[in-house]
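Assemble the complex: chain A is given as a structure, and chain B must be docked to it using the hints.
Protein chains: 2
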Amino acid sequence: MAFYSKRDLYFHLFENHKIEDLISYPYFSDHQRETFDLVLDAAEKIAQNSMYPLLTEMDRNEPQLENGKIKVHPGMRKIIRQFGEDGWINATFSYEEGGQQLPNTVYQASGFIFQAANYSASVYPFLTTGAANLIRIFGSKELKEKFTPNMYSGKWQGTMALTEPDAGSSLSDLQTTAYPTSHDGTFKIKGQKIYISCGDHDACENIIHLMLARIVDAPAGTKGISLFVVPKYRVADNQPNDVLTQGIYHKMGYKGAPIAHLMIGSDDGCEGYLVGEANKGLSYMFQMMNEARVGVGMNACAIGTAAYHASLSYANERPQGRKLSQKDPSLPQIPIIEHADVKRMLLFQKSVIEGSLSLLLYCAKLSDLVHVEKGDQKEDFGLLLDLLTPIAKSYPSEMCCLSTSAAVQVLGGAGYTTDFPIEQYYREARIHPIHEGTTGIHGMDLLGRKVLTQNGKALKLLLREIIESIAAAKAIPSLVSKTIMLENYLKRTQEVIDTLLPKAGKDMEAFLSDATLFLEMMGILVIGWQWLKQATIAAQKLQSEDLEKDFYQGKIMCMNYYFEYELVKIGSLSTRLLSEEKVTINMKKEWF
Amino acid sequence: MAFYSKRDLYFHLFENHKIEDLISYPYFSDHQRETFDLVLDAAEKIAQNSMYPLLTEMDRNEPQLENGKIKVHPGMRKIIRQFGEDGWINATFSYEEGGQQLPNTVYQASGFIFQAANYSASVYPFLTTGAANLIRIFGSKELKEKFTPNMYSGKWQGTMALTEPDAGSSLSDLQTTAYPTSHDGTFKIKGQKIYISCGDHDACENIIHLMLARIVDAPAGTKGISLFVVPKYRVADNQPNDVLTQGIYHKMGYKGAPIAHLMIGSDDGCEGYLVGEANKGLSYMFQMMNEARVGVGMNACAIGTAAYHASLSYANERPQGRKLSQKDPSLPQIPIIEHADVKRMLLFQKSVIEGSLSLLLYCAKLSDLVHVEKGDQKEDFGLLLDLLTPIAKSYPSEMCCLSTSAAVQVLGGAGYTTDFPIEQYYREARIHPIHEGTTGIHGMDLLGRKVLTQNGKALKLLLREIIESIAAAKAIPSLVSKTIMLENYLKRTQEVIDTLLPKAGKDMEAFLSDATLFLEMMGILVIGWQWLKQATIAAQKLQSEDLEKDFYQGKIMCMNYYFEYELVKIGSLSTRLLSEEKVTINMKKEWF
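Heads up: the protein sequence lines correspond to chains A and B, in order.
Start counting the first sequence at 1; every next residue gets the next number (UniProt numbering).
Start counting the second sequence at 1; every next residue gets the next number (UniProt numbering).
Extracted from the complex, chain A is given alone in its bound form (with noise of 0.2 Å):
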């Protein structure tokens, strides 16, 4: 069973963002294009032989408290560990490290790959290199040299440790206190923490959490928030570091990762250390968030992906009806791909799938950039990184649960069963517009934020890159009816902008209450964006001598349909955004 195109992958990698400049960097020089093909066999090797047999077993055994302890699927033990030996954990972090100084954009690719294979269990292992990253980065030499060894090696589990009762989305109300000691510079840690994804498990030998907290007299809000390291066990003596697990939250989907609630030093005797300066755990979290956003709208785009996968198979080999003009039923019955509805929900999917990919790795390939580019280009690299975040965690995440729901209707009645993993795709798909930030929250990051920034200075960049994507396929006449299509949705996109912009300084409560509909919007021409380069590139190949015509062919019907189907979906979403009618805003609570 295919659960993604290693085809489009590459096509992705190599034809559309041409990773290979990336080696021309000295960071990146000891890699060639055969490095990265082998990382890639690597991971779908694992992803094939390790993760995928366990995808149903995992959703059907979920994890379980008991006795104090979570236990999750036992063979997750293992591919802890093969993460662990394999180099997967720090592969992108650099020699000195210990990692391989891989491309964000290569590990990114192989994510995708564990995460369409495998969602929860691809969970555990990315969530400890997002902490042993923030360690790494933040972190003191001793910090450094006491935790992060055990992590790489996925001998211990990293984990994130936000969310309180009363602090999901309003992170300044944290709660979570943090007492300094005086014998060794340590912190007592009391309070507790809810939906903290591998927050305590079986299958590592200890949970390491990044956790915010307050130290005792911060200033309120988010700027007294502290980043601090807070293991099960304590290090030096393997003795309980009083973190409890409170509870398991049992969830519609992706089942196989455990989510604890914790409890945190009710017994005074939580140890905790401070990572960097006390009050900027905020700012350290959200450098990692930001990786971790692009990471979602990845992990979304995967599951979709298994899901249109899956889907196709079905409708290649299911027989039901007749073409609409030959319905004699003595006729023999045509497979469903045949019928234009079931193409129209193929093409859906896959114009969704292919689209995100092609950003996400756009996104990931701009990181790397980042990394290693100086001046004026890190810095417009990181602006347009920083604008596209929201759209890339947030398009894939809000999208896939329709391209999963399309897949669910391909099988029709099949689908709704549990003897296709589809409704399992379906469920776990849903997760991603709530965790690492609700879409909503995201809308306003990006109307509220980002798109005011530096005077418009990322939005700038942005049409700059989507206009010279237009310019180079207006010399492909095939292409030339969309680019204009393009242009004018464009233009509508910037007319909504010029009406919104003038209000964000007076009335911040109307100025955003449609960001959410404004970051749809801004998503739609995005993706659109991002098929117009696919199809160039696809245009291009076709007129050479290129063997692949249907993969080619695929990709520029594809781009048809996004824009015939999906991309002018701005225009009622501009029309609503253009309107002065605040709806929201002037609703009253008693009334619904």
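Take the hints with a grain of salt, since some may be wrong.
The list treats identical chains as interchangeable, and a pair is accepted whether it falls inside one copy or across any two copies.
[To be verified] Straight-line alpha carbon distances no greater than 35 Å define the calculated DSBU-like cross-link-like pairs of lysine-lysine that follow: (1) K255 <-> K78; (2) K460 <-> K327; (3) K474 <-> K569; (4) K589 <-> K78; (5) K588 <-> K6; (6) K474 <-> K589; (7) K582 <-> K569; (8) K69 <-> K255; (9) K45 <-> K71; (10) K569 <-> K588; (11) K589 <-> K6; (12) K457 <-> K280; (13) K582 <-> K457; (14) K503 <-> K569; (15) K378 <-> K141; (16) K589 <-> K569.
Derived from the structure by calculation, the hints contain no laboratory data.
Using the frame of chain A, we list chain B on its own:
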């Protein structure tokens, strides 16, 4: 926990659709407003006391196949019997048939309450009603006497047995065969049926299948399909009738109702009774299916309603964040219902479910009028109902997948956990675009059949109704701008129809290729019309001395929401529908 709004239901029944009008017809003349109230109160009591308490339990303890028999939740036996004893199963049937001549509108409204409380539990008795109805209308006196009394009492379960492994959407490919026997006019049935809801279970003493089969040597295709009554146990001696439960389907949602795979006559021992005439089975079934289709729309709407109320109550209680103008972290957090984006998600849900309920009860009233009216009036109501049926089935089905998703999103992480029933509603909503004809099938039914009937007469009747509603709304100054908006989108819709229809005769494949989008567009228009009607009444009430200002303001505001955020989508849909680019037709399966 409120799972529906009685106030809103009464608004639709008595203010919006004025169903007391029905009492003037002799068939309903024994009823009065008070008896309707009593019926609805009784429905609420069962829903609240017997059904809602089992909602979660039935989801977590799904039916199991043990030793060839399906075991369901033990509470179902009591619920089904109560439905029988209280006369729900045959409530709409005539006095002569032991029924109460209850208007279908009141029966559907009661069904809405049951479905909102516990969709799975509501399925059992509703299926029995549908099956009994087929025997009642098309069966012989003997069949009626033999089967219906025990179905009405809830002792026996009724089913609709249509789908087969090779015949889902394509019913013309049914293979189950009926062989006439010489001795008593019965038939021997052989074949298999899949996805049979309540096809076997232990909460009733017998299962009565209304089964489609092909009499041996009957014409191929839909013209050779007959309808049979096939009991699980023979009535004469209570011995097994060779209907074997081969399997049970486990599924994503509505787990409380079992779905069976049945082997019929594997040992040549299955007796069936022909209903009505040979080869007319599909037309009989379709008469019932039209009602069932509106019923599916109601199911979806009811689930969406329960999710809306659960998310509304959470939004009123959950404090998180602050007004954007008051970010001071020392201020207390505000309930999330104060945030514009949360209000948007609630308004979206409200607009979908109350708009749908309005349409569904309108359809139910039409079916009552078809029943009691005569001549041209009867025909017109019938045509209008036929035209609206695919919309009444599909708009709620598709949109309540999205509205339950919005309910999940209102709760954020909590919505994804099993701590709240909302994730269950999300899973249960997803079946409705599939069963009783997929959305794609209904799109083709609307554009390829209903719109074309009698030279578009049904469409003209609908337009007349919409224009009348617009005229009534124009009398209210505050609604004038919205009436113009609806007129414009109506014009746009007509433009699409005028562009599409000339293609009907030529290339059906191309003509119907975007039928699903056409259905979507028509759904948005029709629900917009229902909202204008609701707002007109609300505005009238607000002009008077009415004390329920909050309720009516909510209606006006939700209409505003619908027009500003939903109706505008006709813009993009019509752009696509007017385009000449045949993307899905031109796409080849090799290109995926």
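The hints, checked one at a time:
no., hint, verdict
1, K255 <-> K78, "both (18 Å within a copy, 34 Å between copies)"
2, K460 <-> K327, "between (55 Å within a copy, 30 Å between copies)"
3, K474 <-> K569, "both (23 Å within a copy, 30 Å between copies)"
4, K589 <-> K78, "neither (51 Å within a copy, 40 Å between copies)"
5, K588 <-> K6, "between (51 Å within a copy, 20 Å between copies)"
6, K474 <-> K589, "between (51 Å within a copy, 28 Å between copies)"
7, K582 <-> K569, "both (21 Å within a copy, 18 Å between copies)"
8, K69 <-> K255, "both (16 Å within a copy, 30 Å between copies)"
9, K45 <-> K71, "within (26 Å within a copy, 42 Å between copies)"
10, K569 <-> K588, "both (29 Å within a copy, 25 Å between copies)"
11, K589 <-> K6, "between (50 Å within a copy, 18 Å between copies)"
12, K457 <-> K280, "within (26 Å within a copy, 70 Å between copies)"
13, K582 <-> K457, "within (28 Å within a copy, 39 Å between copies)"
14, K503 <-> K569, "both (24 Å within a copy, 25 Å between copies)"
15, K378 <-> K141, "within (27 Å within a copy, 85 Å between copies)"
16, K589 <-> K569, "both (30 Å within a copy, 26 Å between copies)"
Checked against the numbered hints above, the structure breaks only hint 4 and satisfies the rest.
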